[in-house]
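Work out the full structure: start from the sequences and follow the hints.
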Amino acid sequence: MIKRHPEPLLWMLFSAGGVISGMLMPILVLLFGIAFPLAWLTPPSHEQMLAVLGNPLTRLALLALCVLSLFHWAHRFRHTLYDGLQIKHLNEVIALVSYGIAVVGSVAAAYLMWQVP
Amino acid sequence: MARSHVYTDYHPRWLRRNLSTYWWLEKRAYLAFILREGSCMFVAWFVAYLLLLVRAVTIGPGSYAQFLEWSAAPWVLAVNIVAFVFIVYHAVTFFVAAPQAMVVHIRRKRVPSYLVLAGHYVAWAIASVFVSWLLLGA
Chain U
60 MIKRHPEPLL WMLFSAGGVI SGMLMPILVL LFGIAFPLAW LTPPSHEQML AVLGNPLTRL
120 ALLALCVLSL FHWAHRFRHT LYDGLQIKHL NEVIALVSYG IAVVGSVAAA YLMWQVP
Chain Y
700 MARSHVYTDY HPRWLRRNLS TYWWLEKRAY LAFILREGSC MFVAWFVAYL LLLVRAVTIG
760 PGSYAQFLEW SAAPWVLAVN IVAFVFIVYH AVTFFVAAPQ AMVVHIRRKR VPSYLVLAGH
820 YVAWAIASVF VSWLLLGA
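Chains as they are written, first to last, in our numbering: chain U, 60 to 176; chain Y, 700 to 837.
Take these hints with a grain of salt, some might be off.
Footprint (simulated), chain U over chain Y, 3 or more residues, beta carbon under 8 Å [said to hold, decoys possible]:
#, stretch
1, 753-761
2, 811-817
Chain Y is nowhere near these chain U residues, computed Cβ spacing over 12 Å in every case [claimed, not checked]:
#, residue
3, K62
4, H64
5, P65
6, L68
7, R118
8, D142
9, N150
10, E151
11, V152
12, A154
13, M172
Taking CB as the label site, the calculated pair distances span [unchecked claim]:
#, chain 1, residue 1, chain 2, residue 2, range
14, Y, M740, U, A75, 15 to 21 Å
15, Y, G818, U, H64, 26 to 32 Å
16, Y, Q765, U, Y170, 17 to 23 Å
17, U, H138, Y, E725, 18 to 24 Å
18, Y, R715, U, L68, 28 to 34 Å
I should point out that these hints are in silico values taken from the structure, not numbers from a laboratory. Glycine residues also receive a C-beta, built at the ideal position from the N, C-alpha and C atoms.
Listed below in structure tokens is the structure:
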């Protein structure tokens, strides 16, 4: 029997998360994080937000964005601690905590998307 | 005949330089590397921020208004401005690395790397315009 290693899958999730967050996050941070709070632009009304989020495709895209970005974070965080700060003896613990947070965050994201009316 | 090889239990030590924990402060390129890796913290922050926004919209208009008010608090705004810089840095460095990671073939000919890069930038622009249209237009 072939022993399957999770590493290729984790790299794929890292990569996919890097691409989707790179594509969608800059504009979302610019709008919701800077332009609306500084009143450069008028934020969408509540009805408009409900209409946008009411579309299952929007929620699916947002869920993909959240889940893949979380695994992207987990992978990069883990490797930065390993290579950057050289915390090598805690490798297993750090991996467990990082991917654990990604899994919990993904479940939370799925729940929140499900809850949108 | 003499034996030409005698194997012993001797294990040579690995040739390894002792690295300081702060090795990434030594050169600009190293610092750029660690900042690029650090961008993932802001990616994670924005996932949390986005989920709080979705939650607020789900709860109702009052909660959404409260979220918008909270987003204008000085510390939240400051974090988001820093996050924007890091996330753009992340996007650019990720797309620049893409041609090395993605080898695309069309009709058995390799697509040149500048086209793979351009494709990423075009997709980025289309995605940004589409999101803006969804939220601001109509």
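Going through the earlier hints one by one, which of them does the structure break, listed in rising order?
-> Per hint list: 2, 7, 8 and 13 violated.
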